[in-house]
Each structure stands twice: as structure tokens, then as C-alpha cells.
Amino acid sequence: MTNAAGSSSALQNRFRTHYCGSLGPVLQQEKVSLAGWVHRIRDHGGLVFIDLRDHTGICQLVIQPEEKELFEQASHLHAESVIAIEGSVVLRSPETVNARLASGAIEVVVSALTVESNARPLPFPVADELPTSEELRLKYRFIDLRREKIHENIIFRSRVSSAIRRYLEERDFVEIQTPILTSSSPEGARDFLVPSRLHPGKFYALPQAPQQFKQLLMVAGFPRYFQIAPCFRDEDARADRSPGEFYQLDMEMAFIEQDDLFEILEGMFRHLVTSMSKKRITAFPFPRISYRDVMNRFGTDKPDLRIPLEIADVTPLFVNSGFKVFAANTKEGCAVKALVLKGRGTESRLFYDKAEKRAKELGSAGLAYIQFREEGLKGPIVKFMSEGEIASMKEQLSLETGDVVFFAAGKWEAACRIMGGMRTYFGELFTLDHDELSFCWIVDFPMYEYNEEAGKIDFSHNPFSMPQGEMEALETTDPLDVLAYQYDIVCNGIELSSGAIRNHRPDIMYRAFEIAGYSKEEVDLRFGHMIEAFKLGAPPHGGIAPGLDRLVMILRDEQNIREVIAFPMNQQAEDLMMSAPSEVTPAQLRELHIKLDLPKED
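Everything in the sequence shown is counted per my numbering, starting at 1 for the first residue and increasing by one.
Worth flagging that the hints you see were computed from the coordinates, not collected in a lab.
Owing to the predicted nature of the structure, the values given are computational and were not obtained by experimental measurement.
Check each hint, because a few of them may be wrong.
Said to hold, decoys possible - Below, a list of computed lysine-lysine pairs in the BS3-like style, where the Cα atoms sit at most 30 Å apart:
{"no.": "1", "residue 1": "Lys202", "residue 2": "Lys520"}
{"no.": "2", "residue 1": "Lys324", "residue 2": "Lys378"}
{"no.": "3", "residue 1": "Lys411", "residue 2": "Lys360"}
To be verified - Derived Cβ-Cβ restraints for the label pairs, each shown as a range:
{"no.": "4", "residue 1": "Glu116", "residue 2": "Val174", "range": "52 to 62 Å"}
{"no.": "5", "residue 1": "Leu397", "residue 2": "Gln571", "range": "51 to 61 Å"}
{"no.": "6", "residue 1": "Phe142", "residue 2": "Glu69", "range": "42 to 52 Å"}
{"no.": "7", "residue 1": "Lys378", "residue 2": "Pro599", "range": "35 to 45 Å"}
Just so you know, even glycine gets a beta-carbon here, dropped at the ideal spot from N, CA and C.
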């Protein structure tokens, strides 16, 4: 537990004068009052030892054999019972000092004991932290939260939130709360809807993000806004995403350019890491990588830069190749990508079979590769390659005996993503440093993409981003070549946030939507209130919203986001502790003018 506090007169009352984690030799022979949970209890045939725990740590209590009444009380105590005691601090003998405890040099000889709550047998132990099913942990979350690791996680999360507030307030940011009940938006994920009693047939929505409110705050003249905002999205769970509800550090600034925002956020992350963690940041300032470059080099816009592998483009080598599969993918819009594993050319057949299985899961028809072995070249495509192609490949990729090179060919994005997936897969071959935080910015996202299914140009990411080059770019550039002031911040392969410099100009916004096939009337119908606000004096502005849950998860080395949330839902979006979602009464439904039309059971 965290050694969070020492003695304080403000804390003195009938329950305690000190915290367990604050006791030390300096208090020798002093009378103290403590309160907390029975972590462990041990009867050593005459002496009873109780490990008492509060949120600051553990200290050892001793009940002497002559204290018959106390002995009797202790004999009926169960683990996790809540007690308050009075006693005297004494030094432990040198051979019994417990260096693992902040209070390990002393113990408290008990003179009085009050049982505030004698616990029944627990559904799972707290002290031993034995493996326990997630279902049981979530059902009894209030017990699970007593366990040291998750208890520390929640305290750490609180400290991160406090550090963020201090950092931003020192830089003139103002914390403003935005509404929780707002209007539904057809864009993005599914909304959580809240029926209105006063307006029958109408619904509020819980905000997926305070996006429009924070932009309107810029119009309202608050140039630096932030809040640690709850966001609600009706989407499926993942290991790094909680279903239903999550928290983000929502930020927006007026009169800024992209680099101004980067400087603020990089400084904040560096402050958090250096002041609250043993981790270290790989590079500062964080590298900026364009979307095109990151896809070409890493095959994903969320790269883990700790993996020492880069994808190479070998398309020009196969322009006139006799290997038709590769030659066919040298035309515009296609690519042949290669990934080299140094010294892995002699792996077993099972290694390549598993790799091919992974490639197929990523959407590839198979996995082409060439092994450079002592006895010569091996692999399924060797027979299709000319000596000249092999020589050029060896030179470009610096291939040596013992290496293996893997290939993907197809449309540019598909080939990149398959090789990117294989890069991540092969990343497991390397021992990555968990104390290294490899941040990067992904920039220069395309404003538009071609929607094959709809057969038209569409927005590739955020339609409200300012295009680079503004109106001139929209009027004079091929839409598929227009870049946007959009950016993602990524750490160790996890996307922490997307952000953008916003499009605050109605004329540019109408034109941007027109290129994507939307009429002025459609834009006004969907976003009229925002455009109206922008017509009444809107400053240039931009923002970002890093996920607080994910940030804490990274800093605490947790693989599951539920380990850093006090009361999370399970993967089926159920709160097992509170039995939510639950049925409501017919009277509640009538009051809301709602009738249920439930799916028929199979």
C-alpha cells in the first residue's frame, strides 16, 4: 500500500492518531491509535500477531499473552475484519525487522481493541492475491480494490489526474465542465440514449466526447480549456478499451498551430513520466512521422517503435519481373513490401507455418519468403526469381547468409497493413523494454479517401479538420492528395488520442463537404448550430483528447484497462456488482411513454 501520510493533528479522532504506513522508530514508546482491516492474523502459541492494513500500508500488532480479554477478542477475528486499536510503539528485535514494510522496524503492542465490523468468510483472499476469475473480482469489486496492486493503481490514477490539473492550470488552462445530457449524433459510434419524460418521444444522448462544446468554448472566448471528461460510447470491449464509459483529458486551444499543441502535450507527458514513473521517454521532442511514411515503414498508423524492424519497399525491383504475382503489383496504387529478419533464416518449418497462418489471418492469401542459408536459397518463391533480382534485393536490403525476407504484394494499403501485422507478430521475438516509452506523432493524414463500396470520394478521418492549404488546396488539388491538419499521438503501439486543427471557416467547411458529396442544405441540417456559431466570430483553434485510462494503463504496465478503473464493466457491458443493466418497472416505462418490443428468444 502507498505510504501516503504521516501523523497529523487534523487526523486525530477516536479512531486513529496515525496511519499504519507512517509508523517508525522515531515514535518508539509513543501511544498510538490505529484503525483498518485485518490483513493477516497469526497465533504463535502465546503471542497473537495481527497485520493491520490501511490505505498507507501495513503495520504489525502484537497481543501479549497476559491480555486475556484481548486474546479472546482476537480469537474471533476473521481476515478483512475492521478494527480500531490503541497501543504502544516498540522496536522490533534486529532479527525480526521486516524490510518490505515501511513500518517494518517497529510493532505496536495492543492495549485496547474495538471490533468495528467482523467480516464473514470472503469470496476470495485479499492478502495472498491468488488468481481469481474476473467475474468474481468484478462482482465483489469493493473487496478486489483492497488488493495491493489494484489499490495502488487507483491511487496512482488520482495522482495523475492531480498532476495534469496542476500542469495545465500553471499554463493558463481553465477547467470547464460540459453537459452530460446532450443531443444524439448519427456520426461515430452508437450513442447511449436517455428518454425525456418532459418531452415524450424525444431522447438525450450521453456525450461520446465534448467535441462541439469545447469548440464552442473557443468561440465563447476561453482560449485554453480542459476537463477530465467522461465519455460514453455503445461499443464492444477490448483489452485497452472499456465498454460504455471512459475518461479522456479533453483539451482545446485558440490561436494555435499544430506545433504549439505538440509542445504543450509533450511537456505534460514528460512531466508525468519523470515525476511519477520509473519509465523513460525514448526521444524528446517526440518524432513526427507522416501517415504515408509510417505506413510504408511500419505498416500501421499505431507503430510500436521499440520493435527493431522496418518494412522496405521493393516494388521497383519487380517492374519487369518474370514473377507475375509481384510484377502485377508494381502498377500505380500497388506495392511489393519486404520485411527482413536478421539471423532467422534457419528457423524450423513450424516457425514458417505459424507465420503463414498469421499472414492469412491478416488477409493475405499466403506468405512468400526467401531464406538465405549456407546451402543456398530456400522458400516457396525462389524458383520464380532471377539471379539479377536476388542480387538487387540482397544489395538493397543488406541481406546476409542466415537472414530471411518476407514479402507482401497487393494494393498499397493492404500490402502495408499485412507487413505491419507481421512486423508486430515478429516483434514477439525481441525482448522489448517495458520501461521505455516510445512516443511519436502521426501527422499529414489524407483529408479524403476513395470509398470503393459507395463509389465516391469520402472523408478519411475527421471531416472538421482544416485542410492543409485551406481553400486553395480544395480548389486546386486532387482531393486524394489533400492533407489535413490531423494528428495522432501513439506510445508503444497504443493510440492515446487523435486531434486536429479545426476548420473554423464556414466557406471552407461547405467546400470540404461538397467534395465528399454533401450539399449545403445537408451540412446545415446536420451541423447548422456549429456553422452558425462560426459565422459569429470563431478563432482558429485545435485540440486533442488523450485517454486517461490508457495513459494510466501504460504508466502502470497493465495489459487490461479494467485494472486501472475503479468500477469497470465486464466485456459484455455489464456491471456485475450493481446488476446493471437491469429491468425497470412498468410504471417507470409508462411515465416515459415507452413500450418494449423485445427480440424473440430462440
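Hint check, failures only: 4, 5, 6 and 7
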